[in-house]
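Novice: Each chain, written out:
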Amino acid sequence: MVELAQYLASGLVVGAIYGLIAIGFTAVYNATGIVNFAQGDFSMLGALMTIALLAAGVPLLLAIGLAVLAVGLLGSVIERVALRPVGADVLRGIIITIGVGVSLQGVAVIVWGTDAQPLRAFSGERPIGLAGVTIPPQALWVVGTAAVLMCALYFFLTRTYFGKAFRACALNPFAASLMGIPTARMRLASFFLSGLIGAVAGIIIAPIALMQYDSGIFLGIKGFVACIIGGFGNPIGAALGGLLLGLLEALATGYLSSGYKNAIAFVVLLVFLFVRPGGIFGELEALKR
Amino acid sequence: MIRVGVLALVLAAVWLSGSVYLMNLAVVTALFALPALGLSLLMGYTGQISLGHAALVGLGAYGTAILAQQFGWSPWLTMPVAIAAVMMVAWLIGWLVFRLRGHYLAMATLAFGIIAHVGFVELRDLTGGQDGLSGIPPLAVLGVELITDRAILPVAWIVCVGALVLAENLVRSPAGLAMRTVAESEAVAGSIGIAPDALKRRIMALSGGYAALGGALYAHYLGYISPSPFDVGFSLKLLLMVALGGFAGIWSVLFGVGFVVLTGEALKPFGHYDVVIYGALLVIVMVWCPRGLLAGLELAFQALRRRLRPAAGGAA
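Chains as they are written, first to last, in my numbering: chain A, 1 to 289; chain B, 1001 to 1316.
If you're looking for bench data, these hints aren't it; they were derived computationally from the structure. Small disclaimer: the values here were computed from a predicted structure and weren't measured. In this text, a Cβ means the ideal position worked out from N, Cα and C, and glycines have one as well. A few of these clues could be false.
[Said to hold, decoys possible] Anything over 12 Å on all C-beta distances counts as not near chain B; from chain A, calculated:
{"no.": "1", "residue": "8"}
{"no.": "2", "residue": "52"}
{"no.": "3", "residue": "135"}
{"no.": "4", "residue": "154"}
{"no.": "5", "residue": "164"}
{"no.": "6", "residue": "165"}
[To be verified] Each computed EDC-like pair below joins lysine to aspartate or glutamate, with the alpha-carbon atoms no more than 20 Å apart:
{"no.": "7", "chain 1": "A", "residue 1": "261", "chain 2": "B", "residue 2": "1265"}
{"no.": "8", "chain 1": "A", "residue 1": "261", "chain 2": "A", "residue 2": "3"}
{"no.": "9", "chain 1": "A", "residue 1": "261", "chain 2": "A", "residue 2": "214"}
{"no.": "10", "chain 1": "A", "residue 1": "261", "chain 2": "B", "residue 2": "1231"}
[Stated by the list, open to error] Now the stretches of chain A that chain B is said to cover, found in silico as 3 or more residues with beta-carbon under 8 Å:
{"no.": "11", "stretch": "93-99"}
{"no.": "12", "stretch": "102-116"}
{"no.": "13", "stretch": "182-194"}
{"no.": "14", "stretch": "267-274"}
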């Protein structure tokens, strides 16, 4: 029983990590209809920048702020320079975000090398024990940040004027521009937002999951799977999809074998793609069809 | 025909130069060109993205290597068997993934590529895990084993040119027109009696065959394979080659492959910079020359000439 509880606990932590990444995907998708394949690399970059700034003697909070802002700006630069000229061409958009991701990894290798970089946990390393289940204190940060970010983004997208304009751009850019919504600026803002969220996610999870130049790929893929499970249109759904994926992986690792952990994610991905491509909570996708 | 002649002349010059380095580059180009051609048929002509083609190359390589080692068959027998098996696998994957489009298709094929790579690493009894398989028997023609670059070069390029001509014939045939129709609009394709999904599956199988052929030749040429060359990075490299060639254009794919192989060589002394260049190239080509690097340069050249001409006229 304790064993199961431990699996569930670690599954929830890992799931919150996937959820954090997934929230970043939804920020871009809800304004542009683009899936940003470089999303995981934003997180990698945010974490590595923070570590570098810390090493340079910058205090933690300032380092986090600077890194998050830098990645956010990078996101909007990418939108302006690489994605805007392509317009609504999905295939080219995919390949461009992949190219951006590859370039970012290459830059990370040149700057930081191939070794994994550690980041000090925010509130100590001493594990918290409860009824035989132990979790690192950083896990609370991860879960808390995921909860706050998903609620904030959900509130922003559904309750604020700006957020509704965001979604209008994704649903029908032409109609949105007829209504006086500056679609180009909205796209720029959405990439800025996804850069911010991606960087925050990367920094928060860095103390648990060591970050190196290629960490972004797997984070990105798992985040995408989480979005497929929960639905791209909805940050809360995406975060819950992350939790579900984390739990499934932890149980599979615990009771089957760790080698097949990654296979589980992709089996889940394929099942959802074929059975329910809109995800459990995918409202936007249903509207688009 | 002229292009085949020019290609033959260049290759003959490389072969006669006796330079091991040049011959090695030529062989590598031929081995990359096969999967890139397959990807071009699928992406460029049929409009379906695949981010998992490296896995098909790997399946071809592992398939023929395992058959040759476990059963001691001749490579001339194991290669066709492995390629046929990979074509069936590719058809089945197509059956699974081609109900998806756009981002979903991209991610599903990427997932397949990663699953296959995990398989190469984890199925240690069969694949040797990270250590890979060594001692794969080489191909032999008339009792001569094709081990050196000098010996394998003609064989690899005869196969490659054969594949090129086959692909060229295919895209000019009615089937090629059907492929382009599916890429443009599946609804239109369906309305004029083309079954889009069946066609996509068949092209996927053919594309997998091309990839497996490249992989199988690679395995018998090197005599050693490990999982790392067949990772997602290689899938993306194939994507870059096809993108540089402008996706749809059998001969321009060859240009893309040659370009990537040569840039890779030129950047070797600089260590990891090649990855940055590849990524940046992918973005630049997609943004500014979606019809390929050559077409993009030609357009830029024409625009430059148009800009210069009125100025020259005004001066006169």
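Novice: Next, verify each hint and record whether it holds.
Specialist: We went through each hint and held it up to the structure:
Distance check on residue 8 (chain A): its Cβ is at least 25 Å (rounded) from any Cβ of chain B, clearing the 12 Å threshold; non-interface status holds. Residue placement check: residue 52 (chain A) keeps its beta carbon more than 12 Å from all beta carbons of chain B (closest about 17 Å). Look at residue 135 (chain A): its CB is around 27 Å from the nearest CB on chain B, clear of 12 Å, so calling it non-interface holds up. The claim that residue 154 (chain A) is not at the interface with chain B holds, since no C-beta of that chain comes within 12 Å of its own (minimum 22 Å).
Every CB of chain B lies more than 12 Å from the CB of residue 164 (chain A), the least distance being 23 Å, so the non-interface label holds. Against the 12 Å criterion, residue 165 (chain A) stays outside the reach of chain B, whose nearest CB is about 23 Å from its own CB. Between the alpha carbons of residue 261 (chain A) and residue 1265 (chain B) the distance comes to roughly 37 Å, so the proposed pair goes past 20 Å and is violated. Restraint check for residue 261 (chain A) and residue 3 (chain A): satisfied, since their Cα atoms lie roughly 18 Å apart, inside the 20 Å limit.
With a C-alpha separation of about 18 Å, the suggested pairing of residue 261 (chain A) with residue 214 (chain A) holds against the 20 Å cut-off. For the proposed pair residue 261 (chain A) and residue 1231 (chain B), the alpha carbon gap of about 18 Å is at most 20 Å, so the pair holds. Chain B is given as covering the stretch 93-99 of chain A, and this holds because 5 residues of the stretch bring a CB closer than 8 Å to a CB of that chain, at least three being needed. Residues of the stretch 102-116 of chain A lying with their CB closer than 8 Å to a CB of chain B number 8, which satisfies the three-residue condition for coverage.
With 0 residues having a Cβ less than 8 Å from any Cβ of chain B, the stretch 182-194 of chain A misses the three-residue criterion, and the hint is violated. Three residues within the 8 Å Cβ limit are the bar, and the stretch 267-274 of chain A against chain B gives 4, so the coverage statement holds.
Checked against the numbered hints listed earlier, the structure breaks hints 7, 13; every other hint is satisfied.
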